[in-house]
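Chemist: With the hints as extra help, turn the sequences into a complete structure.
2 protein chains.
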Amino acid sequence: MAPHYCIAIDLGGTNLKTALLDPRYKILDRHLLFTGSFSRKADLIRAITRCVETVISRNKLRKKDIVGLGLGLPGPIDVEKKSVHFFPNIPGWKNVALGRILEQKFMVPVFLDNDAKLMALAEHRLGAARGFQHAVCITLGTGVGGGIIIGGRLYRGRDNASSEIGHIPINETGPLCNCGGRACLEAYIGNRRIMQEARRIFGRDIPLEEISRRARRGDRKARALWRAVGTRLGIMLVGVVNMLNPQVIVIGGGVAGAGAVLFERVREVVSAQAMAVQSRKLKIVRAKLGNDAGLIGAAVMVRERTQG
Amino acid sequence: MAPHYCIAIDLGGTNLKTALLDPRYKILDRHLLFTGSFSRKADLIRAITRCVETVISRNKLRKKDIVGLGLGLPGPIDVEKKSVHFFPNIPGWKNVALGRILEQKFMVPVFLDNDAKLMALAEHRLGAARGFQHAVCITLGTGVGGGIIIGGRLYRGRDNASSEIGHIPINETGPLCNCGGRACLEAYIGNRRIMQEARRIFGRDIPLEEISRRARRGDRKARALWRAVGTRLGIMLVGVVNMLNPQVIVIGGGVAGAGAVLFERVREVVSAQAMAVQSRKLKIVRAKLGNDAGLIGAAVMVRERTQG
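Top line first, the protein sequences correspond to chains A and B. Count along the first sequence from 1, add 980, and you get the number used in the numbering used here. Count along the second sequence from 1, add 980, and you get the number used in the numbering used here.
It is possible that part of the hints are untrue.
One copy or two, it doesn't matter: identical chains are merged, so the pair holds either way.
[Said to hold, decoys possible] Only pairs whose alpha carbons sit at most 27 Å apart, straight line, appear in this in silico DSSO-like list of lysine-lysine: (1) 1263 / 1062; (2) 1085 / 1074; (3) 1263 / 1074.
Quick caveat, the hints were computed from the structure, so don't treat them as lab data. Predicted, not measured: the structure shown is a model, and the values here were computed from it.
Modeler: Okay, here's the thing in structure tokens:
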């Protein structure tokens, strides 16, 4: 019998998620680890291997049951060499051959990709972009990332460093961005920036979920904050729509939880400012797979790559 | 013997160019017509057919000598239906089945596409983007257009309305653009806008070629003008580079004639502000095929489409 299960890992700035998925991408088991304490590279790698071991042992998996191990990682990845170029928000990682390390440890096929690209892959195969040839997927969080689907396939570019949607400038000048650029979308609507803005408006720290709840209840300040986020996201999308003429734009990630007020404003800006032919039939929709998109995308990658 | 020649047409705002090309895309004959007087759609179509007839008769071509007729047109094109959606700068054209009209007239295969896309196709097959898998080609003129090559093929998007590079906003607010958008790159660096700026700086109307000559001679005002154009073009390209991670960016069209001062500034901005992995090996080069790119691209389209 062919191997049956994929093990998926989604590494973020705060959490390391590990999951076991069946052939239909149903999550059968999951394991969550807080990563804040792993400041050294070796510790984080050890934590990853322990999480995989935990999932293997508590599900009594044998090597022949496992199709492969897939990892979604928060930075640019060399997919062919299965190595990490670097992590913008985790120090100490530079050209790390993580794929080889894990293959030697577990003796199963290992595949790596950027987390936002895997979310896009998952949304295309099983979520809101399913059935579309040309799609742009965006994830709004601490970072603003994304993935581009062209002709039904994940578009990578020369170095697999495409679709850095958060790093499209929306002004000629503006705030410096972590990436070294200036006036990038992320420098305006990344989580931290929204929370700063909220502190200014409400006079205290206030979680994003709370701002969303207030907006739903009709709070004018909260609605204005989300509309401002929507305006900037919309302006970036005008350029993307005129440039790529996609069929659908899928928006996910924590900030997308703001819901209707955000999506309405994004659609309003795109329909007012993007070119008529491109915007006419365009769909702008919310991601479907939620927080599990990264895990599902990692498993999709493993299955598609091992099927040759 | 298989048919040998392609007839190519490049329709611009002021000129209608017709050419005869051999299988190696050498231009054997050309015909130029000033189009300013053809304000009615029927007159312009008649002018196109007469130009084709002229090239046919003076080269003594028989129908079996002709591979096909290719047209590069200044607006969005429905490639499958071989029809013109509309021309932004030529009134009276709306959903015109120009391909069918010309096929019935000449009884040879006819293919239509957007002029900027055909320039990109030509630069990819025979010019500065040759040999690259992922390329972005830009043409700077009255309009700012372009074409995207992905995986060695012209990328079209849902409606063949992709690669409207001139209509990427570079500011949240700014001048209204002809396309209905706001703060689009074209609204800052389209020919007309550059000439307005030149009038303001030099106190009189001054042709672009003259500004370029002055810049080459070291005139500070002329150099500052081209650097300002380069800055804005560069900022738009930062977004494109972070988004598409191409191998090469090819810049052509009249404004590219400004030469070194413009290209230096564009490279400076991209290398300072685009992300490191994406900009590291990126080439930004001048187009090679000059004013004939549109004609050559039209002939390439005809050959590639008739070869099945």
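Chemist: Of all the hints numbered above, which does this structure not satisfy? Sort the numbers upward.
Modeler: Nothing - there is no hint that the structure violates, so all of them hold.
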